[in-house]
Amino acid sequence: MSTSVPSAPLPPTSTIPIRSPKVYGVLSIVFSSIMILMSLIGSCGGFAGASLSGVTLKGEGVDAAGAAAFEAVKGQLADVYTASGVTSLMFLVLSALLLAIGIGQLGYRRWARAWSVYWGVAALVGLVVNAIIWIAWIGPAYESAITTMMAMSEHAGRGPQVTVEGIGGLAGAGAAIFSIAIFAPYPILQIANFSRKVVRDVMTR
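Using our numbering, the letters of the sequence shown correspond one by one to residues 4 to 208.
Just so you know, nobody snuck in bad clues.
Ranges of calculated distance between the beta carbons of each label pair, as one might list FRET restraints:
{"hint": "1", "residue 1": "Arg199", "residue 2": "Glu74", "range": "48 to 58 Å"}
{"hint": "2", "residue 1": "Ala103", "residue 2": "Ala195", "range": "13 to 23 Å"}
{"hint": "3", "residue 1": "Arg113", "residue 2": "Leu30", "range": "18 to 28 Å"}
{"hint": "4", "residue 1": "Ser23", "residue 2": "Ala187", "range": "16 to 26 Å"}
{"hint": "5", "residue 1": "Thr207", "residue 2": "Ile135", "range": "31 to 41 Å"}
{"hint": "6", "residue 1": "Ala195", "residue 2": "Met153", "range": "42 to 52 Å"}
{"hint": "7", "residue 1": "Gly177", "residue 2": "Val205", "range": "35 to 45 Å"}
{"hint": "8", "residue 1": "Tyr121", "residue 2": "Arg208", "range": "13 to 23 Å"}
{"hint": "9", "residue 1": "Gly52", "residue 2": "Arg208", "range": "41 to 51 Å"}
{"hint": "10", "residue 1": "Arg203", "residue 2": "Ser54", "range": "43 to 53 Å"}
{"hint": "11", "residue 1": "Gly169", "residue 2": "Val29", "range": "41 to 51 Å"}
{"hint": "12", "residue 1": "Ile183", "residue 2": "Val33", "range": "15 to 25 Å"}
{"hint": "13", "residue 1": "Met153", "residue 2": "Leu30", "range": "36 to 46 Å"}
{"hint": "14", "residue 1": "Lys25", "residue 2": "Gly172", "range": "35 to 45 Å"}
Hints listed in this document are in silico derivations from the structure and should not be mistaken for laboratory results. Here the structure is a predicted model, which means the values were calculated and not measured. Beta carbons are placed, not taken as given, at the ideal position from N, Cα and C, and that holds for glycine.
Please take these sequences and the hints and turn them into a complete structure.
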């Protein structure tokens, strides 16, 4: 007759360490640091590019039509750069908040528990705003700039007569879908994790 050794009882649930806040804290700090750097570059580059509005086209071979087309392209490209700067600035603010929240998550801070959920909601809203900007602002401006540049080339006799209708909508929708697919999972996971009672109960410092 065989005898089995009873297994040791599991510790009470309350004493089992909940490590997810610390894991999310590390991830939040890493992700936010990368995004802060990228957003700083994007916002500075975007608003610097928007200064194209101060550039003028001069020269003996420049006719009125060419100058007018250049002014149109200049304004359209400035719109693209301005919109890019706005979206980068929005992500910069969200990333700075995530960095602070990540530090709080590492320390199991009570305030970080709630702010993790708030940030997750704000990040999802930001992604929707970013998608709208790409579809309604950057995409059309990008298409207009390409169309105008092609018209300039045709006017100068250096290019075929072609159209790029729909490329702006395609570019805008593609960028919107890509950003949502890449960035949406993390805020969704944060909302789900920090809404759990077991996590709320351990973040009391």
